[in-house]
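Visitor: Each chain is listed here by its residues.
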Amino acid sequence: MSAPLIETRGLGMRFGGVQAVRDVDFVLAERELRCLIGPNGAGKSTFFKMLTGQLHPTSGTVSLRGRDISRAEPHEIARLGVGIKTQVPSVFDGLTVRENLWIAAARTNRGARIRSVVDAMLEQVGLAPVASAIVGQLAHGQRQWVELGVVLSTDPELVLLDEPAAGMTDREVARTVELVREINKTKALIVVEHDIQFIRKIASKVTVFNQGAVLVEDDVEAILHNPTVRDVYLGKKVAA
Amino acid sequence: MTARASSLAGIAVVLAIGLAVLVLTPRLFELDVVLNVTVYMIMAVLALSLGLIWGFGGILCFGQSAFFGLGAYTYAIAVMNMGESTLPLVLSVVVPAVFAALLGYFIFYGRISDVYLGVITLTVTLILFNSVNSTAGPEFHIGSARLGGFNGIPGIPALNVPFFKDWQVDLEGMFYLATASLLLVYVALRALLASRFGRVIVAIRENEGRAQLLGYDPRVYKLATFVIGAAIAGYAGCLFANWGNFVSPTIFGLAQSAQIIIWVIVGGRGTLVGPIVGCIGIQWLTAALGANAPSETAGWAALVGNVPLILGAILIGFVLLVPKGILPTLGDLAAQLTPRRAKAAR
Numbered sequence: 001m002s003a004p005l006i007e008t009r010g011l012g013m014r015f016g017g018v019q020a021v022r023d024v025d026f027v028l029a030e031r032e033l034r035c036l037i038g039p040n041g042a043g044k045s046t047f048f049k050m051l052t053g054q055l056h057p058t059s060g061t062v063s064l065r066g067r068d069i070s071r072a073e074p075h076e077i078a079r080l081g082v083g084i085k086t087q088v089p090s091v092f093d094g095l096t097v098r099e100n101l102w103i104a105a106a107r108t109n110r111g112a113r114i115r116s117v118v119d120a121m122l123e124q125v126g127l128a129p130v131a132s133a134i135v136g137q138l139a140h141g142q143r144q145w146v147e148l149g150v151v152l153s154t155d156p157e158l159v160l161l162d163e164p165a166a167g168m169t170d171r172e173v174a175r176t177v178e179l180v181r182e183i184n185k186t187k188a189l190i191v192v193e194h195d196i197q198f199i200r201k202i203a204s205k206v207t208v209f210n211q212g213a214v215l216v217e218d219d220v221e222a223i224l225h226n227p228t229v230r231d232v233y234l235g236k237k238v239a240a
Numbered sequence: 001m002t003a004r005a006s007s008l009a010g011i012a013v014v015l016a017i018g019l020a021v022l023v024l025t026p027r028l029f030e031l032d033v034v035l036n037v038t039v040y041m042i043m044a045v046l047a048l049s050l051g052l053i054w055g056f057g058g059i060l061c062f063g064q065s066a067f068f069g070l071g072a073y074t075y076a077i078a079v080m081n082m083g084e085s086t087l088p089l090v091l092s093v094v095v096p097a098v099f100a101a102l103l104g105y106f107i108f109y110g111r112i113s114d115v116y117l118g119v120i121t122l123t124v125t126l127i128l129f130n131s132v133n134s135t136a137g138p139e140f141h142i143g144s145a146r147l148g149g150f151n152g153i154p155g156i157p158a159l160n161v162p163f164f165k166d167w168q169v170d171l172e173g174m175f176y177l178a179t180a181s182l183l184l185v186y187v188a189l190r191a192l193l194a195s196r197f198g199r200v201i202v203a204i205r206e207n208e209g210r211a212q213l214l215g216y217d218p219r220v221y222k223l224a225t226f227v228i229g230a231a232i233a234g235y236a237g238c239l240f241a242n243w244g245n246f247v248s249p250t251i252f253g254l255a256q257s258a259q260i261i262i263w264v265i266v267g268g269r270g271t272l273v274g275p276i277v278g279c280i281g282i283q284w285l286t287a288a289l290g291a292n293a294p295s296e297t298a299g300w301a302a303l304v305g306n307v308p309l310i311l312g313a314i315l316i317g318f319v320l321l322v323p324k325g326i327l328p329t330l331g332d333l334a335a336q337l338t339p340r341r342a343k344a345a346r
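Just so you know, the sequences run in chain order B and E.
For the first sequence, our numbering assigns the number 1 to the initial residue and increments by one for each residue that follows.
For the second sequence, our numbering assigns the number 1 to the initial residue and increments by one for each residue that follows.
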């Protein structure tokens with residue numbers, strides 16, 4: 001049997017006296033779509049940072065297709081096919097939308113192919129009309145799309161999305177749901193999101209983080225009806 | 001395509017102006033002016049080197065004069081030992097580049113932050129200043145070249161046509177060489193910045209974390225940029241040593257280091273023409289102010305003749321009032337006016 005796409009064993013991260021993530025065992029199959037939920041400070045973003053090499057775990061291991069990447073640098077992990085859309089859009093603010101996508105596409109493509117990848121991505125994320133705009137001057141929602149486009153332009157096999165729907169209008173959220181489904185046809189995804197309706201629309205399986213550890217892992221509907229989860233996290237949101 | 005067209009038009013304008021200066025200066029002016037313009041051109045090459053690494057690479061190097069001085073001293077020492085200038089010229093580019101590669105390796109791979117990078121590069125150039133400064137005795141020599149301490153190395157043989165020792169470059173030849181060098185370095189840097197490498201270094205300047213998450217190793221790109229900048233500065237140093245047939249440790253000094261930064265701030269970061277304009281403008285101003293203030297003057301005349309004071313005031317004025325520098329600010333103004341004009345035309 002081949003190794004899973006991503007596997008963590010006993011993964012932990014300690015910042016001084018604070019144990020931000022503890023003993024996380026997590027497995028993601030090829031082309032799987034998984035949602036991560038949990039209250040603020042549950043360790044979701046720290047977990048993402050360990051998957052992408054931005055933080056090196058203080059205990060445990062991260063493996064990508066059986067290869068230990070716990071100590072790898074972010075650019076090395078990116079080159080293995082992991083892309084991340086961060087919580088606060090991280091883009092090249094001083095460059096145009098097209099230049100942003102070009103930088104990403106040029107990492108994995110050469111010559112005329114770069115331009116065709118960029119053109120296709122501009123259409124896919126609906127940014128063709130603002131292709132020549134400086135990204136720093138765009139609205140927050142549009143910058144989210146730019147970042148999505150940038151991440152997808154490198155054609156990663158695993159896409160990590162940290163709160164992709166944050167700050168988006170209802171229409172943009174609906175388009176994000178569509179896009180996530182589209183991406184999932186060929187790639188695996190892990191999505192951190194607070195918007196339960198969003199998760200309901202996209203997810204089959206949900207992992208709940210609480211106080212740095214995995215609380216429970218189950219299908220989205222089972223999670224929504226799990227009393228422990230309701231207590232620690234969902235509370236009024238489900239009732240509403 | 002319009003962006004590319006305007007970019008090519010920009011290069012064409014710069015080349016046209018450059019060629020006009022190249023052809024006309026010796027025909028219209030006396031030799032003393034030609035000599036002054038020569039040093040402006042050499043310093044503009046130096047300004048371009050910082051324009052690349054700071055303006056595009058985002059690396060604020062306070063010690064660009066270290067590479068400039070290393071280039072000048074390397075040329076001086078090598079040519080005095082070898083007699084023929086071909087290899088010394090090559091060494092004056094290679095030695096600063098290798099030095100920058102070593103220094104940059106520890107800075108970039110050691111993840112030293114921007115502020116400390118500035119401090120380290122400044123310290124390095126001051127260490128070089130003090131080291132070379134204290135080599136006055138006859139025991140300090142490399143081969144037949146005496147280092148001369150504070151007095152520097154006089155009588156440096158001029159560049160010759162490669163491999164032809166007797167065909168030396170004269171004063172007017174130096175002018176042509178310096179001006180042509182400036183144009184060539186400018187065009188080469190334009191080409192570099194239009195390449196994949198150039199676009200990536202700008203992306204890293206914009207957002208290093210994002211570039212890394214896309215799979216680019218910022219350390220490699222920054223180190224390469226730093227080394228290219230050092231090589232260009234070293235070449236400028238070689239030209240400078242030729243210009244006066246003389247080098248002294250002040251080339252490594254604080255004033256020289258600060259000047260390069262002022263040129264780039266005044267002309268504008270993120271452009272190549274900016275540092276050239278800033279460099280030539282400031283040098284012209286320095287010369288004009290200095291000429292107006294004989295050493296015995298007092299009162300207001302002395303104040304106007306106090307070049308460091310004036311330069312300091314210019315620096316503060318630009319940082320506070322025109323933080324982007326002359327060229328980018330003019331560009332912004334033009335961009336603001338263009339759509340209005342287009343509307344008016346309709």
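Careful, some of the hints might be misleading.
[What the hints assert, rightly or not] Which bits of chain E does chain B cover? Going by a derived footprint, with three or more residues having C-beta under 8 Å, they are:
(1) 60-71
(2) 209-222
[As the list claims (entries may be wrong)] Label-pair restraints from in silico Cβ distances:
(3) A3(B) <-> L184(E): 46 to 56 Å
(4) H194(B) <-> L192(E): 37 to 47 Å
(5) V115(E) <-> R181(B): 41 to 51 Å
(6) D114(E) <-> R181(B): 41 to 51 Å
(7) V115(E) <-> R9(B): 17 to 27 Å
(8) F15(B) <-> G110(E): 50 to 60 Å
(9) G94(B) <-> S195(E): 38 to 48 Å
(10) L102(E) <-> S70(B): 24 to 34 Å
(11) A3(B) <-> Y105(E): 30 to 40 Å
(12) H194(B) <-> I127(E): 45 to 55 Å
(13) A120(B) <-> V220(E): 47 to 57 Å
Worth flagging that the hints you see were computed from the coordinates, not collected in a lab.
We treat Cβ as the ideally placed atom computed from N, Cα and C, and that holds for glycine.
Visitor: Just pull the numbers of the violated hints for me, sorted ascending.
Guide: Structure breaks hints 1, 7, 8, 9 and 13.
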